[in-house]
Amino acid sequence: MSTPIIEIRGLSVTYKTETRQRIEAVAGLDLTVNEGEVVGFIGPNGAGKTTTIKALMGFRSPTSGVATIFGLPAGSTEARRRIGYLPEVAQYYPFLTARETLRLYAELTDIPKQERDKVISELIDTVRLIGRDREPLRGFSKGMLQRVGIAQAIMGSPDLLILDEVTSGLDPVARNHVRNILLNFKQAGKTVFFSSHELTEVTQLCDRVILIDGGKVIENRSMDELRKLMRRYTVYTAPPAYTDQLPDGVRALGANNGHVRYAAPDKATCDGLVLKLNQLGARDVHVEAETGSLEEYFVETIGHKVS
Amino acid sequence: MNTTLKIGAIARVTILESVRRKDAYVVLVLGLVIMLGAALFSSFGVQGLEKFVKDIALSVTSVFASVICIAAAARQIPHEIENRSLYPLIAKPIGRSVFLLGKFVGVGAISSVVVLAFCVEILVLFLIFKIDIGVLFFQAVYLRILSMWFIAALTLAMSLVLTHAANVTISMLLVLAMQTFANTILTVHGGLTGIPQRIAEAIYWFAPHLELFNLSKLVVHEYPPVPVWVLAALTIYAILYSGIFLAAGCMKLRRMAL
Amino acid sequence: MKRYISYVWIPVLLAVAGMLASAAKPHLKYDARYRQSEIEAAKESIALTLMGQLQTSMFDLMWLKTLEYLHHGVVYRMPTAAEEEKGKVATDSIGTAHGLEHKEGESLVPHREEDWRGPIGDIHRSVTPYSTAHSHSDPKELIPWYKFATKISPSQVRLYTMGAFFMSDFAHEPDEAIELLEVGLESNPWSFEVNGALGRLLFDYEQDYAKAAEVLAVAVEYGEKERDYYLARDEQFDDYQKQVYSESYLFLAKSLTELGEYDRALSVCEEGYERTNHTHLNVQKRITTRRKEGVSVNDEGEDSSSNMVGLLEMIRAIENKRPMDRILNYFRINPDVGQVIDPTSKTTALHAAARAGYLECVEKLLEFGTDVNMRDGNGDTALKISLEFGQQEVAQLLESRGGIVLKGNEVLEHDDHGAAASSNGKDTAAGPVAASVPAAQLQSSLEGEITDFMRGISQHDPIRQLDRLLEKSQWPKAVDKNGATALHYAAAAGYGELVRELVKMGAALDAKDQSGKTALDMARESGHEDIAAILGQTGSLAQSSQ
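Residue numbers (our numbering), protein chains in the order written: chain A, 569 to 875; chain B, 390 to 647; chain C, -18 to 527.
Simulated from the structure, these hints should not be mistaken for laboratory data. Since this is a predicted model, take the numbers as computed values, not measurements. Positions of the beta carbon are idealized from the N, C-alpha and C atoms, including for glycine. Some hints here could point you the wrong way.
To be verified - From chain A, some residues computed to sit far from chain B (all C-beta separations above 12 Å):
{"hint": "1", "residue": "A595"}
{"hint": "2", "residue": "S689"}
{"hint": "3", "residue": "N788"}
{"hint": "4", "residue": "A823"}
{"hint": "5", "residue": "S861"}
What the hints assert, rightly or not - Subject to a maximum C-alpha distance of 25 Å in a straight line, what follows is the list of computed DSS-like cross-link-like pairs (lysine-lysine):
{"hint": "6", "chain 1": "C", "residue 1": "K302", "chain 2": "C", "residue 2": "K69"}
{"hint": "7", "chain 1": "C", "residue 1": "K46", "chain 2": "B", "residue 2": "K519"}
{"hint": "8", "chain 1": "C", "residue 1": "K302", "chain 2": "C", "residue 2": "K327"}
{"hint": "9", "chain 1": "A", "residue 1": "K796", "chain 2": "A", "residue 2": "K835"}
{"hint": "10", "chain 1": "B", "residue 1": "K641", "chain 2": "A", "residue 2": "K584"}
{"hint": "11", "chain 1": "A", "residue 1": "K584", "chain 2": "A", "residue 2": "K784"}
Chain A on its own, in the form it takes in the complex (with noise of 0.2 Å):
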């Protein structure tokens, strides 16, 4: 589980502007994502999470930094033969059917002659395009588009996937299924790394989800660890309000159906407040636990939306 597939060391990307500003995308980003891991990579928009893939597929130099996948440097043909990608916001040629798309990347992609037509046959069963497989691409919803995006990155099965936006443009059935795809994945012990703005997505899939803002990582914590950061405890108690007292943790929510509501970090500031408020002689006092939504967290790490 700890070799790194993924590695990433104070990684730079700056670009020009149309107006020869110079911007820096990413700024001195660190990471790593170990085999088998599926790492969520989030942030809002602008945050680098796009440049930082770019540079992963060498489709963008660094201007600092090293970035490698499997021990080889980002983008090179070797690294590039054991990555499925998946771009943010691809087109593909849409006077080809998608039976044509894929038998062209099948060809790009080293997948043997006499293997083709049976590999194709079964991702267009896997991304569900049967019976439209044979019309040009011109036609397609977005949705329907992204689902011969996701054949084209799984084609050949490789070891890692890097995913830029995956559930973008899909209904709920849709991404239902590409989340059991990806589950398959993990479970056949493959790397995925995808950034997504769908975060129940991410806390439903990931192993580990990495923060980044300003081209920087803000946070970079496992699944499990974030759960317990996320769940919150809040107590209920009949007014008066008792704020001068409140003990280190604890912040008041204001009013609620009749009740004043206080908002605790952990199971120990809870219990240590329920005393508090029990002692101060508050009347009706009851605790609720949530796990609390990943959005809200961020929310409150970065002080802004993330999405």
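For chain A, the structure is supplied; the task is to place chains B and C on it using the hints.
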């Protein structure tokens, strides 16, 4: 071997695109209309005006085939980048040079097919109007096809540094005005001395001499076939020049941030 | 149903548009009554600059294209200032038809000895039409470009007249020529040039004298107005305009004579002579007078005016000893050009060559069927002129070909119609002079070529052989090993055009092959009655004129 297959795959898609876009058909039909128009024009007029029919037919071929070639070559890479269809492709284990070469082969092949299709039209036309076809005609076709690959290489390479409009304009100028440009240098040369003369020579040597690949006038005015060494020399020239441009293009594309 | 109601508007709109268009049409009608100079001025005007520019550059393009065709695809350019310093100058091209006059510049493709590009230069010379010599192709090939140009610039009258000239004289398609001129008249009904050229063709080829007279009367009327307009602005007609103007009078007179309107014809002659000083009008006046008086004449003025085309230029070229192939170009334009006296200089090609001591030219002219004892405007023979100017070599040559010294009104007993014959191409060409050239002299140098040429007549298409015929003036007199001439072959093969051309170029009608047959016999034997008719007619004409 694998690289060849991949170049072939990219080329095949490039050709498929042109086939399914159907712009070549339009041009072929338009060309046929013009040629027949010219032929009828002269047949209603005075008999025995083969030169005129040949002139029109060959000019139409050269202009239309060049237009198709330039349009296809200039469009390829900027279009791929703009539509982001490039990313999933170059994420696969292929070099960017393979991608460029695949595009080159695709555009070259389409243009060659267009030239050949025009030739079939011309041959039918010549058959109808009983115009003799000699060795020179096929030499002209060979050089025309060679020049298509040459133009494809130039335009593709330039599409990596120039904007689409600029590229199309410059390529069209190279194709249509190279003759005039080279002639101007040749005319001016004698009147210059010293450094300006050397500069004129340098410009002449540097410019891609597409005008040398045009045997239309010889065909029209019924000249004897061109010596084989000339064809060989032009073939080598085209390969070298295209090679340099493609190599530069590959280097540029490899370093390009996408 | 509702959907279809909207379509009702379409026919309504179309109807309204149609009505508007027909109402506007008379106002939009293009009154092309502009003079050439006015059109040029209009093109310069600001309002018309854009269209004018477009039209002018298209016209220029056509002109360049015609020049390119004229030079077998070889492109020439004017010498640069640097080249002019080195002594290279553009000279007027010799032997080109009217309207195709151009300067002979430098070849656009550099010659090898001047080329700094080494092998690239060699490649350039092999892939581009290139020639070390300046030569001209058959102007017939320019016709489509002229037709194109008329479509682009319908008001450029010279395009119609030039195109028609090539069509009738080179492509032998007078009907096409007439058609082109009629199209030209639609856009330029006032143009005396188009009217004049059309009348001339109607007279020559259609023998439609009534229509010719009608058209030529218009030409004369507008020509006069045009001339007055020019004179008022201190301008002058160019050579071509002068020619058309004077010939319009001449052919109007001829047409009227043919129609029997002698008095009108005579007044046209007088009026025309007064305005143009064209000597042929005086000749015509005599002819008409004699016709009026009931005297049948062998129209002596006939055809001679057409021989004027290029004659003076040709004489100048001979005087300047221009290369022979260029001088021969004049024969391509008009095979009879060697038989005519230029009215202004009163000299002929042969006399000019004799005076200049241009031996090769004298030889060629004789081969081409020029009478060795032809007399110039002063009545002198070429031998007299050559002796007078001390050209000994030429004198010897002329003497060896039967030349004699005659001057002024001296007449040799057996040469009593010398002057008349010299001014009448047909007679001389078919007459005994042609036969007097010793065939044996040509024989030795031409053996292989002759066999090839003659075989070509019976095997290939006549047009190609016609081209070859025009390249070598000796063909009409060449004899193969069986004693047969090209005329024998052409007659046997039934190529009327070739037969006519050979006769025109001076082929001997009475030449007999080893079996003693003439071309006429051959034609009859092969069942080519049409050819037999041509040969019979020409033969009898020649007989009667002797």
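How the hints compare with the structure:
Non-interface call for A:A595 relative to chain B: holds, since the shortest CB-CB distance, roughly 17 Å, exceeds 12 Å. At roughly 19 Å from the closest C-beta of chain B, the C-beta of A:S689 stays outside 12 Å, upholding its exclusion from the interface. Listed as a non-interface residue, A:N788 keeps its Cβ farther than 12 Å from every Cβ of chain B; the least gap is roughly 25 Å. No Cβ of chain B approaches the Cβ of A:A823 within 12 Å, the least distance being about 51 Å, so the stated non-interface status holds.
With a least CB separation of 32 Å from chain B, A:S861 remains clear of the 12 Å interface cut-off, as annotated. Proposed proximity of C:K302 and C:K69 is supported: the alpha carbons are some 18 Å apart, at most 25 Å. For the hint pairing C:K46 with B:K519, the CA-to-CA distance comes to about 24 Å; that is within 25 Å, so the pair holds. Proximity of C:K302 to C:K327 is assessed by CA-CA distance (about 19 Å); at most 25 Å being required, the pair is judged to hold.
Of the pairs offered as hints, the one joining A:K796 and A:K835 holds, with about 10 Å between alpha carbons and a cut-off of 25 Å not exceeded. In summary, the hint linking B:K641 to A:K584 is supported, as the alpha carbons are separated by about 17 Å, within the 25 Å threshold. For the hint linking A:K584 to A:K784, the alpha-carbon distance of about 19 Å falls within 25 Å, and the restraint holds.
This entry satisfies every hint, going by the numbered hints stated previously.
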